[in-house]
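A.B. asks: All chains, full assembly: derive it from the sequences and hints.
In my numbering, the protein residues as written are 33 to 369.
No lab work stands behind these hints: they were computed from the structure.
There may be inaccurate statements among the hints.
Stated by the list, open to error - In the DSS-like style, the derived pairs of lysine-lysine whose C-alpha atoms are separated by at most 27 Å in a straight line are:
#1 Lys75 - Lys204
#2 Lys101 - Lys329
#3 Lys58 - Lys202
#4 Lys51 - Lys204
#5 Lys329 - Lys204
#6 Lys329 - Lys310
#7 Lys202 - Lys329
Unchecked claim - FRET-style restraints, in silico, Cβ to Cβ:
#8 Glu250 - Arg118: 45 to 53 Å
#9 Ala276 - Ala244: 51 to 59 Å
#10 Glu211 - Ala273: 13 to 21 Å
#11 Ala244 - Lys345: 17 to 25 Å
#12 Asp262 - Leu188: 22 to 30 Å
#13 Arg340 - His93: 46 to 54 Å
#14 Glu336 - Pro162: 29 to 37 Å
#15 Phe251 - Gly294: 33 to 41 Å
Idealized CB from N, CA, C, for every residue including glycine.
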Amino acid sequence: QAIRDTIELPFLHRDLFKKFQHTVPKGFLLYGPPGCGKTLLGKATAFNLRRQIREATGVDHPEFFLHVKGPEILNMWVGESERQVRDLFAQCRERAQDGALAFLFMDEAEALLGTRRGGRIHSMSNTLVPMFCTEMDGLEPLQNVVVILASNRADLIDPAILRPGRIDRKIKVVRPTREAAQRISEIYLPADLPLAEPREQLAAAVTEAHFARVPENEFLEAVYRSGRRDLLYRGDLASGAVIAAIVERAKDLAIHRAIAAGGETALMREDLLAALAKEYVENELFPPTDNTEDWLKLTDFDPENVVRLGPVKPRKAGGRSEERHVGKECRSRWSPY
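C.D. replies: What follows is the structure, encoded as structure tokens:
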């Protein structure tokens with residue numbers, strides 16, 4: 033809804049915006065954990081705006097969606113990165129003047145628009161950030177051009193970029209809930225796949241196993257400065273990318289079974305459950321170490337309050353219940369130091 037209010041309303045209700053002298057937002061930031069659909073949301077925004085304008089006015093404006101990634105612009109030659117930034121904005125302005133819906137979508141924005149640093153050490157962000165700011169609010173107005181930034185490390189983006197008047201809206205893209213995860217699973221299990229059960233039942237089964245609060249799904253352990261400990265389960269770290277990867281792993285298992293059997297087979301519930309367990313063991317999205325800083329990047333915890341955040345370590349049989357019982361008595365005198 034926030035994206036619709038930011039992007040669609042100024043195009044669909046120009047008279048009202050002009051009457052109230054309301055400044056149209058120039059851009060917005062999509063931030064949140066990796067794999068949760070920030071790039072897909074940017075693409076869907078351009079498509080949906082074109083459809084809304086066509087239904088409201090009967091005029092089909094072509095869309096111009098310029099998708100760039102921050103690291104692609106970085107160049108070792110002096111001035112080359114700045115030139116590419118100017119060219120990106122020039123292309124968008126030119127297409128907007130021709131009547132197109134121009135979108136400049138910049139993924140991994142923190143790589144290009146990182147916080148500037150003082151001192152004698154030259155940093156590329158010391159020149160790229162001013163160039164980006166100049167293009168957004170220079171003498172040549174940025175009209176009918178929407179700038180979308182996407183990042184999973186918004187704290188690394190220079191504050192001058194995120195100030196009101198440039199990036200006016202900051203929209204957090206959160207991890208999917210249980211219901212959303214099931215709908216995403218159904219998308220990746222279309223009806224034309226060889227399925228052993230209806231896709232709704234398969235999606236419900238793998239989602240139930242994914243979000244179940246059982247010892248097998250315990251994934252991360254958080255220790256706070258107060259001494260309190262929390263457990264994060266696999267469902268707490270679910271994302272659209274993880275769900276898609278689980279389905280792909282299940283397809284791989286079904287294909288290998290069909291090859292071994294020498295005949296046709298279907299994707300079964302057991303394939304999805306086996307793929308779920310395998311994904312959280314082998315997924316490269318999760319850090320391979322127990323470094324707290326690496327895991328904090330994937331969660332919403334406040335770094336100031338967390339002493340340790342890392343994978344749940346395997347315990348001996350019967351040790352978990354004993355540790356929890358003892359932990360309640362020792363929390364008051366537990367110290368991270």
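A.B. asks: All hints are to be evaluated individually against the structure, with a verdict given for each.
C.D. replies: For each hint, the structure was consulted:
1. For the suggested pair lysine 75 and lysine 204, the alpha carbons sit about 16 Å apart, so the restraint of at most 27 Å is met.
2. A hinted pair counts as satisfied when its Cα atoms are at most 27 Å apart, and lysine 101 with lysine 329 qualifies at roughly 20 Å.
3. Pair hint lysine 58 plus lysine 202 holds up; C-alpha atoms about 12 Å apart against a cutoff of 27 Å.
4. Between lysine 51 and lysine 204 the alpha-carbon distance is near 30 Å, which puts this suggested pair outside the 27 Å criterion.
5. A threshold of 27 Å between alpha carbons decides the hint, and for lysine 329 with lysine 204 the separation of about 14 Å falls inside it, so the pair holds.
6. In summary, the hint linking lysine 329 to lysine 310 is supported, as the alpha carbons are separated by about 22 Å, within the 27 Å threshold.
7. For the suggested pair lysine 202 and lysine 329, the alpha carbons sit about 18 Å apart, so the restraint of at most 27 Å is met.
8. The given range of 45 to 53 Å is respected by glutamate 250 and arginine 118, whose C-beta atoms sit roughly 51 Å from each other.
9. In this structure, alanine 276 and alanine 244 break the distance hint of 51 to 59 Å, their C-beta atoms being roughly 20 Å apart.
10. Against the hinted window of 13 to 21 Å, the Cβ-Cβ separation of glutamate 211 and alanine 273 comes to about 18 Å, which satisfies the hint.
11. Distance hint for alanine 244 and lysine 345: a CB-CB separation of about 20 Å, consistent with the stated range 17 to 25 Å.
12. Checking the proposed 22 to 30 Å range against aspartate 262 and leucine 188 shows it holds: the Cβ atoms sit about 26 Å from each other.
13. A hinted range of 46 to 54 Å holds for the C-beta pair arginine 340 and histidine 93, which are about 53 Å apart.
14. Evaluation of the 29 to 37 Å hint for glutamate 336 and proline 162 yields a pass: the beta carbon distance comes to about 31 Å.
15. Checked against the given bound of 33 to 41 Å, the beta carbons of phenylalanine 251 and glycine 294, roughly 38 Å apart, stay inside it.
In this structure, the earlier hints numbered 4, 9 are contradicted, and the remaining ones agree with it.
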